[in-house]
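Those sequence lines, one after another, are chains W and B. By the count of this note's numbering, the first sequence reaches residue 264 at its end, each step adding exactly one. By the count of this note's numbering, the second sequence reaches residue 618 at its end, each step adding exactly one.
No lab work stands behind these hints, which were simulated from the structure alone.
Pulled a few chain W residues facing chain B out of the computed Cβ check, cut under 8 Å:
# : residue
1 : P102
2 : V114
3 : A115
4 : L125
5 : L126
6 : L174
7 : Q178
One-sided and incomplete, this derived list gives chain B residues near chain W with beta-carbon spacing under 7 Å:
#  : residue
8  : D575
9  : R576
10 : P579
11 : A583
12 : S584
13 : L586
14 : G587
15 : A600
16 : A606
17 : S612
18 : A613
19 : S614
20 : P616
For each residue, glycine too, the CB sits at the ideal point set by N, CA and C.
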Amino acid sequence: MFNLTTFRELVVAALWTGLLAGLLLTAIQQIQVIPTLLRAEVYEENASAPVVANAENSHEHHEWQPENGWERTFFTAVANISLGVGFSLLIGSVMCLRGRPGNWRMGLLWGLAGYITFFVSPSLGLPPEVPGTTAAKLADRQNWWLITVLDTGFGLSLLAFAKTRTNKFFGAVLLAAPHLISAPQPEVHSSAAPAELAQSFITATVLANAVFWLAIGGLMGQFYKKQS
Amino acid sequence: MPSTPVLLDNAQKIPLNPPLSKGEAEDRGISDRILPALLASMLGLALLYAAGFADTAQLHNAAHDGRHSASFPCH
Numbered sequence: 037m038f039n040l041t042t043f044r045e046l047v048v049a050a051l052w053t054g055l056l057a058g059l060l061l062t063a064i065q066q067i068q069v070i071p072t073l074l075r076a077e078v079y080e081e082n083a084s085a086p087v088v089a090n091a092e093n094s095h096e097h098h099e100w101q102p103e104n105g106w107e108r109t110f111f112t113a114v115a116n117i118s119l120g121v122g123f124s125l126l127i128g129s130v131m132c133l134r135g136r137p138g139n140w141r142m143g144l145l146w147g148l149a150g151y152i153t154f155f156v157s158p159s160l161g162l163p164p165e166v167p168g169t170t171a172a173k174l175a176d177r178q179n180w181w182l183i184t185v186l187d188t189g190f191g192l193s194l195l196a197f198a199k200t201r202t203n204k205f206f207g208a209v210l211l212a213a214p215h216l217i218s219a220p221q222p223e224v225h226s227s228a229a230p231a232e233l234a235q236s237f238i239t240a241t242v243l244a245n246a247v248f249w250l251a252i253g254g255l256m257g258q259f260y261k262k263q264s
Numbered sequence: 544m545p546s547t548p549v550l551l552d553n554a555q556k557i558p559l560n561p562p563l564s565k566g567e568a569e570d571r572g573i574s575d576r577i578l579p580a581l582l583a584s585m586l587g588l589a590l591l592y593a594a595g596f597a598d599t600a601q602l603h604n605a606a607h608d609g610r611h612s613a614s615f616p617c618h
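Extracted from the complex, chain W is given alone in its bound form (with noise of 0.2 Å):
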């Protein structure tokens, strides 16, 4: 039978925590990872703009996008608060099938494990990019994405719970699979981008991120120790 205490408790648990999350994380991208963005979609716009100085003619059709400033970062917010309820509903499933956490550390195992998880597997095929990279097709990319991320949740969760060595060993594989066959990639890699400037990209995403991570898992234990 469906148990909306449960459901509820889950819900408003992860509401709270990619609240907070998505919050946390929008004010650390303002130290690094948004500042390397912009300057990076400069080297961008001039790289292509005898383009589109010469498509002056063409019907091209502009979409909305948010204005720079606070505009932008408020749609940045929110799109950080989604993934941060999106995250922390996952997280709290797990949580919830497995029993209850104990309290908030637990919580930092769960958040460590979902940052391997979505980001740290991901990115060692596919690297945080700056606008202006040269890339293979989005759909192969997103498909490889998404490949890697199933793999890598279920090849940890072998390791951490199996109960046989067998079973452990065939979730080191499942880890390790993705990256034997490698990610798509592009015929050719340019970037119009300086490469010092996609290493620090690199380096500030993976920073906040963790951050963001472990906010996520150590708040929803905690969230969702309370709300039982």
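Keeping the supplied structure of chain W fixed, place chain B upon it in accordance with the hints.
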């Protein structure tokens, strides 16, 4: 000092495993946790899809910086 029979009598009054209330018993069953967890994770996936994957121009442009930051495949 109370006599031994009194002590035994008191001990019998304190149940070692208090019976679960109806709500607690329900909460401990894995079968009652599967549906809420499934529904919550579907809700989570829908949010992640909208913020991270949906390819309508408006959603993409609104979530652009968030997608790059979270290392979701973008563009």
